[in-house]
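J.: Sequence:
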Amino acid sequence: MSDTEMNELVQRTVEESLLAGPRRYTRTQVAEQSGVPEAESRRLWTALGFPATENDERDYTQLDITAVSNFRSMKVVAASDIRQQAAAARTIGQGMARLAEWQADLVLAEIRARAAAADPAVPLAERIRAATESTMAGIEQLQSYVWRRHLAAAVSRSVDEHEVGEDSMRTLAVGFADMVGFTRLTRHLHPDELSTLLEAFESTTTSAITDNGGWVIKNVGDEVMFAAETAADAARISLAIQESTMLVGGTPELRVAFAYGEVLQRFGDLYGSVVNIAARLTGVARPGNILIDDAAADALDGNPEFAIRHLRSVRVRGFNRLRPHRLRPAD
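For the sequence shown, position 314 matches number 314 in full-length UniProt numbering, and the numbering has no gaps at all.
One or more hints might be untrue.
Simulated restraints on C-beta separations [stated by the list, open to error]: (1) Thr196 with Arg24: 40 to 48 Å; (2) Leu18 with Asp301: 48 to 56 Å; (3) Leu18 with Leu151: 21 to 29 Å; (4) Pro120 with Asn7: 13 to 21 Å; (5) Leu185 with Phe50: 30 to 38 Å; (6) Ser144 with Gln33: 23 to 31 Å; (7) Ala39 with Val76: 19 to 27 Å.
For the record, the hints were derived by calculation from the structure and aren't laboratory data. Glycine is no exception: its CB is placed at the ideal position from the N, C-alpha and C atoms.
Please model the entire structure based on the sequences and the hints provided.
T.: And the structure:
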């Protein structure tokens, strides 16, 4: 069997395993069997990140029908309009798409390795099918475990809030940490060196954030955005980020800042003036320093763990007078 034929066999086997059967339904049939109007199912489908096919193309499986039905059967979803439903679908789709892009090469390599290690007396097609099923089962179990743990933590953080829903206001500390001179570095680093640098940055910052009671909102290139329930937790996170970065050789200096107050939580992300203030403070922070806003300084006032120095007001985009405060450990 040629490499091309083997690749086609692996691709076909993986697709049948993941989609739980062949593509046999048109979009019209999906709408009829799920009870969801065709226009709405099309919009949800594209919101998930998939191209909308023509009405008569058989591009869907029973798995698609079940998914649409389950999504619309959720009481909160059913009570919302199509715009809100599409926003929820888009958030899920973007998260899963990023995960899938990273996993694709890993899955294919694992399937080939397992098929090669199986009994050569067994036909290749059967070995590939068995390797695909075992690989998919392992990855699915791992993803389910990680999702359950993260969901348990998120529910625990949200359960005491007065308002619970897709869009809710919460009082949080929101911060950023970014690498100084990253753009310049990327022009001179080999791709392997750049990958190593990003891995060091993401691993050290994630550890500092989670070990001190916070959680990562997102990583964007040379910057990480994090949140914590209290200003004290955010202060410990910020100090731990700066300290841990100093211990990793070759990692650029960081600018870190956070602000404290009410934010809009929407589909796992945070919005509002508190987020904007934290971002602006990060931009004006000197390398190796930590800046905080007035509300965070007030919340930390009198805390023996921290030393705060009040600085002169600065002008930044969107804020005429923004007063930063420099945070350091008390000792």
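J.: For every hint, state whether the structure bears it out.
T.: These are the hints, each one checked on the structure:
1. For the pair Thr196 and Arg24, the beta carbons lie near 46 Å from each other, so the given range of 40 to 48 Å is met.
2. As the Cβ distance of Leu18 to Asp301 is approximately 55 Å, the hint placing it in 48 to 56 Å holds.
3. Between Leu18 and Leu151 the beta carbon distance is about 22 Å. The supplied range of 21 to 29 Å therefore holds.
4. Checked against the hint of 13 to 21 Å, the pair Pro120 and Asn7 passes, with Cβ atoms roughly 19 Å apart.
5. Distance hint check for Leu185 and Phe50: the Cβ-Cβ separation is about 37 Å, which falls inside the suggested range of 30 to 38 Å.
6. For Ser144 and Gln33, the Cβ-Cβ distance of about 27 Å falls inside the hinted range of 23 to 31 Å, so the restraint holds.
7. A beta carbon spacing of about 21 Å between Ala39 and Val76 agrees with the range 19 to 27 Å that was offered as a hint.
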